[in-house]
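Asker: Going by the working numbering, the letters in the sequence shown line up with residues 286 to 595, in that order.
Treat the hints loosely; a few may be bogus.
[Claimed, not checked] Simulated crosslink set (EDC-like; lysine to aspartate or glutamate; CA at most 16 Å straight-line):
hint : residue 1 : residue 2
1    : K326      : E299
2    : K449      : D434
3    : K304      : E328
4    : K449      : E463
5    : K326      : D369
6    : K307      : E328
7    : K307      : D296
To be clear, the hints were calculated from the coordinates, so they are not data collected in a lab.
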Amino acid sequence: MATSHNGQANDLRESLQGKTRKELAQLAREQRIPGWHPMRKSELIDALQRDAQQDPQPRRKRTRRKPARKRHPGVTGMAGERRDAVLARPVSSRWISVRWNISPRMLVRAESALGTEWHRARPVLRLFRIAEETEGPMAESRIRDLAIDLGTGECCIEIDHPGKAYRVLLGFATPVGEFFALSHSDPVSTRRTDGAAADEHASSSSDTSSAATSLALSGINDQDLPSLPLDIRTDLLVHGETEPETVFELDGTTVRAGRDGRFELRLPLENGRRFLPATAHAADGGSQRTVALSIERHLKLLDTRSSARI
Numbered sequence: 286m287a288t289s290h291n292g293q294a295n296d297l298r299e300s301l302q303g304k305t306r307k308e309l310a311q312l313a314r315e316q317r318i319p320g321w322h323p324m325r326k327s328e329l330i331d332a333l334q335r336d337a338q339q340d341p342q343p344r345r346k347r348t349r350r351k352p353a354r355k356r357h358p359g360v361t362g363m364a365g366e367r368r369d370a371v372l373a374r375p376v377s378s379r380w381i382s383v384r385w386n387i388s389p390r391m392l393v394r395a396e397s398a399l400g401t402e403w404h405r406a407r408p409v410l411r412l413f414r415i416a417e418e419t420e421g422p423m424a425e426s427r428i429r430d431l432a433i434d435l436g437t438g439e440c441c442i443e444i445d446h447p448g449k450a451y452r453v454l455l456g457f458a459t460p461v462g463e464f465f466a467l468s469h470s471d472p473v474s475t476r477r478t479d480g481a482a483a484d485e486h487a488s489s490s491s492d493t494s495s496a497a498t499s500l501a502l503s504g505i506n507d508q509d510l511p512s513l514p515l516d517i518r519t520d521l522l523v524h525g526e527t528e529p530e531t532v533f534e535l536d537g538t539t540v541r542a543g544r545d546g547r548f549e550l551r552l553p554l555e556n557g558r559r560f561l562p563a564t565a566h567a568a569d570g571g572s573q574r575t576v577a578l579s580i581e582r583h584l585k586l587l588d589t590r591s592s593a594r595i
């Protein structure tokens with residue numbers, strides 16, 4: 286056994302001696318022998334032979350660890366809905382409210398599909414108008430893209446033709462024209478009344494019925510009670526701060542912010558529910574911002590009662 290080992294060592298040494306110093310240095314570098322660079326030929330032979338006689342141990346190559354892919358938390362704009370969904374509903378004759386849920390898995394799919402364009406992609410709501418043809422399937426025409434903050438989970442879109450049917454598509458758009466759809470809404474139409482007149486009519490009917498029932502139960506005729514005129518008016522006061530000279534528009538009425546950026550607008554507030562879009566236009570005309578105000582007022586006339594003690 287020892288003779289065989291010695292013979293292999295002699296054969297290795299003879300093989301190394303037949304190589305040039307440059308070839309030996311190359312071998313020493315590949316074997317990662319420490320301090321090989323200044324060694325002479327004989328020293329390289331001794332170092333290589335000692336390295337070969339040691340128990341071979343696998344040398345692990347240093348590999349760069351791939352950076353962990355960023356985990357997307359997902360978006361939940363609606364409770365109780367499925368993980369990937371877009372819900373659009375009308376809030377007035379010209380505005381649609383959109384809410385969405387997006388799962389982390391869907392966002393990972395979007396990142397993989399867009400590849401290098403992912404970092405330049407922006408989340409948008411793509412609005413389509415639906416045209417019902419007399420024959421054949423429905424046709425959809427793209428209206429515009431609205432850039433959004435995906436994490437908010439909700440947004441409002443102004444439509445151009447009240448009464449028409451629309452569909453909203455949520456996705457990522459890139460500067461080169463690519464689009465990855467995350468989810469889409471069902472068709473939604475604003476073909477309905479504002480609701481304020483209906484609420485006012487219902488409230489008036491309820492008031493009349495309530496007053497008549499109360500008087501009938503008490504055995505008092507409303508004509509026997511003296512009339513007491515009562516006229517109540519309410520106003521909506523909207524005020525805030527923005528950049529100086531910004532034009533603020535609410536329900537067709539505009540006001541310009543002062544030098545300190547403050548503005549104030551007063552409007553009559555009618556009975557019922559109202560949806561009021563408000564838009565702020567920058568003084569230079571370069572930008573604008575829109576907010577939505579949902580306001581509800583209920584004024585109910587109670588039954589007439591006598592204050593005289595019996």
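Asker: Are the hints correct? Go through all of them and say.
Answerer: The hints, checked one at a time:
1. K326 - E299: Holds, at roughly 13 Å.
2. K449 - D434: violated, 26 Å
3. K304 - E328: Within the cut-off at roughly 13 Å; holds.
4. K449 - E463: violated, 28 Å
5. K326 - D369: Status violated; Cα separation ~70 Å.
6. K307 - E328: holds, 13 Å
7. K307 - D296: violated, 20 Å
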